[in-house]
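Undergrad: Each chain is listed here by its residues.
There are 2 protein chains.
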Amino acid sequence: MNLKPAVAKNALQSGVYLIGAGPGAFDLITVRGAHILGKANVVFCDALVDPKMLEWCPQAEIIFVGKRCGKYSTAQQFINRQLVLATKNHDIIVRLKGGDPFIFGRANEEIDALKSANIYFEVVPGITAALAACAELKQPPTARNISRTLKITTLPSHLNYEGQDTQIYYMGREELPQIALEMIAQGYPLSTPVCLVESVSLPHQRSFGTCLGELLHFQQEEVFHEKNPVIVLIGEVYSNVVHDLTPLIPLMEYRIRTSSAN
Amino acid sequence: MNLKPAVAKNALQSGVYLIGAGPGAFDLITVRGAHILGKANVVFCDALVDPKMLEWCPQAEIIFVGKRCGKYSTAQQFINRQLVLATKNHDIIVRLKGGDPFIFGRANEEIDALKSANIYFEVVPGITAALAACAELKQPPTARNISRTLKITTLPSHLNYEGQDTQIYYMGREELPQIALEMIAQGYPLSTPVCLVESVSLPHQRSFGTCLGELLHFQQEEVFHEKNPVIVLIGEVYSNVVHDLTPLIPLMEYRIRTSSAN
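Protein sequence lines, in the order shown, are assigned to chains Z and L. For the first sequence, numbering that gives the first Met the number 0 assigns the number 0 to the initial residue and increments by one for each residue that follows. For the second sequence, numbering that gives the first Met the number 0 assigns the number 0 to the initial residue and increments by one for each residue that follows.
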């Protein structure tokens, strides 16, 4: 792949670039993000970023900074300090985050640290996992006569019933029965379609179809791999696609049957 | 700019590629999107896409298909038919849409037409204008102690008060006083910060800061250029940045004064 746009961007200003790596696939980063990675001296990289993404910056020193889905790192203050310190010795510093750097990425704290230290920074947006999952399912989250609003959240209590809006949930794999319970209590029918997309856009991506009623009894550890992120898409708009996906409950029953047979 | 990832994508399958161009800047398309544009035989391009974006596909036949912000096209069925017909004579057909193809882009109708005609298609997500605006403002739409949910909509009645969620409104330039009225009626304080970003990521981008109380009396035609899209970002989370932006109301008063002086 050899991309030569007709107009080259001016030389990069020294500073910190918060770049969204996108959902995982190495070519779902923006052209700008890949270009800046290619100029970086040092890259502070989230554990969630796929290693292939680092082929955009073979010249850079890579510093992995923890944080796997669902597990808080105690090191956020350490990362903030490291970013600021790096500007003493380096010209172009990249903070590479999975998805979009501003969607549930704790960028606020890093930005506050950079502002306090009077360091120049830019933000390069990335494809957030929710929209990448929609693209993979080939189903827009809104549709004229079904849903005109999309809500993106990490809190089950923020999912609620308003004219059947579509709701997309991040970091929800351990709370799936609770999510279903909250939504049913708020008026969503048991039959409301739910799509679950694991490791969006990566070669090991898997998509499952279910409904809120089934999700009540779902044990995520039976199906999902421990370290893979899962995006949960809920709404009537998915009725078109949910039946084309791997059914969730039969899979669980199959796994339970085979594991008790062993 | 010369991007050579270490692993090239396999040859493209014949069919239609719905590609998100991103918010406007030519390098905020994904690497995958730019790569496919470079292989396209024909590109059906939204009027909202910046002409510079077409430098990614000098080899392709370009067909502009109307639709400017806020103005419906009666030609959606014509576009659907053209996409299907193009597959008779061409190998790689691109449908290039501003932002993300699935956020308020009427992709449903095009997808239905492609499915009915049994045509292979893929969707390449793009940076949606809301998240590009957040990157430009350098302010994440969610923050741990202020807002944990982001709502994206085109309907004023869908904006509402739930623990001060952040709300981002598309295609709202003609409805700004109505948006303010609905939100104030639902409990938002008059002082709730509002950011308005016109032509996100393009050289003529402008950002304005205001609050719901001021927005009640705002006449958009005094400030915004007729054809430019405007993203409206509303929520307490913007209190950090709103005062650094051009104030909206003093600008209106200045314009009114100077135009009556003429």
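Incorrect hints may have been included.
If several chains are the same, the list does not tell them apart, and a pair holds so long as it fits within one copy or across any two.
To be verified - Calculated lysine-lysine pairs in the BS3-like style (CA-CA distance at most 25 Å, straight line): (1) Lys51 to Lys226; (2) Lys114 to Lys137; (3) Lys226 to Lys114; (4) Lys51 to Lys87; (5) Lys51 to Lys114; (6) Lys137 to Lys87; (7) Lys226 to Lys38; (8) Lys226 to Lys87.
If you're looking for bench data, these hints aren't it; they were derived computationally from the structure.
Undergrad: Does each hint fit the structure? Answer for all of them.
TA: Do the hints match the structure? See the list:
no.	hint	result
1	Lys51 to Lys226	within (17 Å within a copy, 40 Å between copies)
2	Lys114 to Lys137	between (40 Å within a copy, 11 Å between copies)
3	Lys226 to Lys114	neither (33 Å within a copy, 35 Å between copies)
4	Lys51 to Lys87	neither (28 Å within a copy, 37 Å between copies)
5	Lys51 to Lys114	neither (31 Å within a copy, 33 Å between copies)
6	Lys137 to Lys87	between (46 Å within a copy, 22 Å between copies)
7	Lys226 to Lys38	neither (30 Å within a copy, 36 Å between copies)
8	Lys226 to Lys87	neither (35 Å within a copy, 44 Å between copies)
When each numbered hint is compared with the structure, violations occur for hints 3, 4, 5, 7 and 8.
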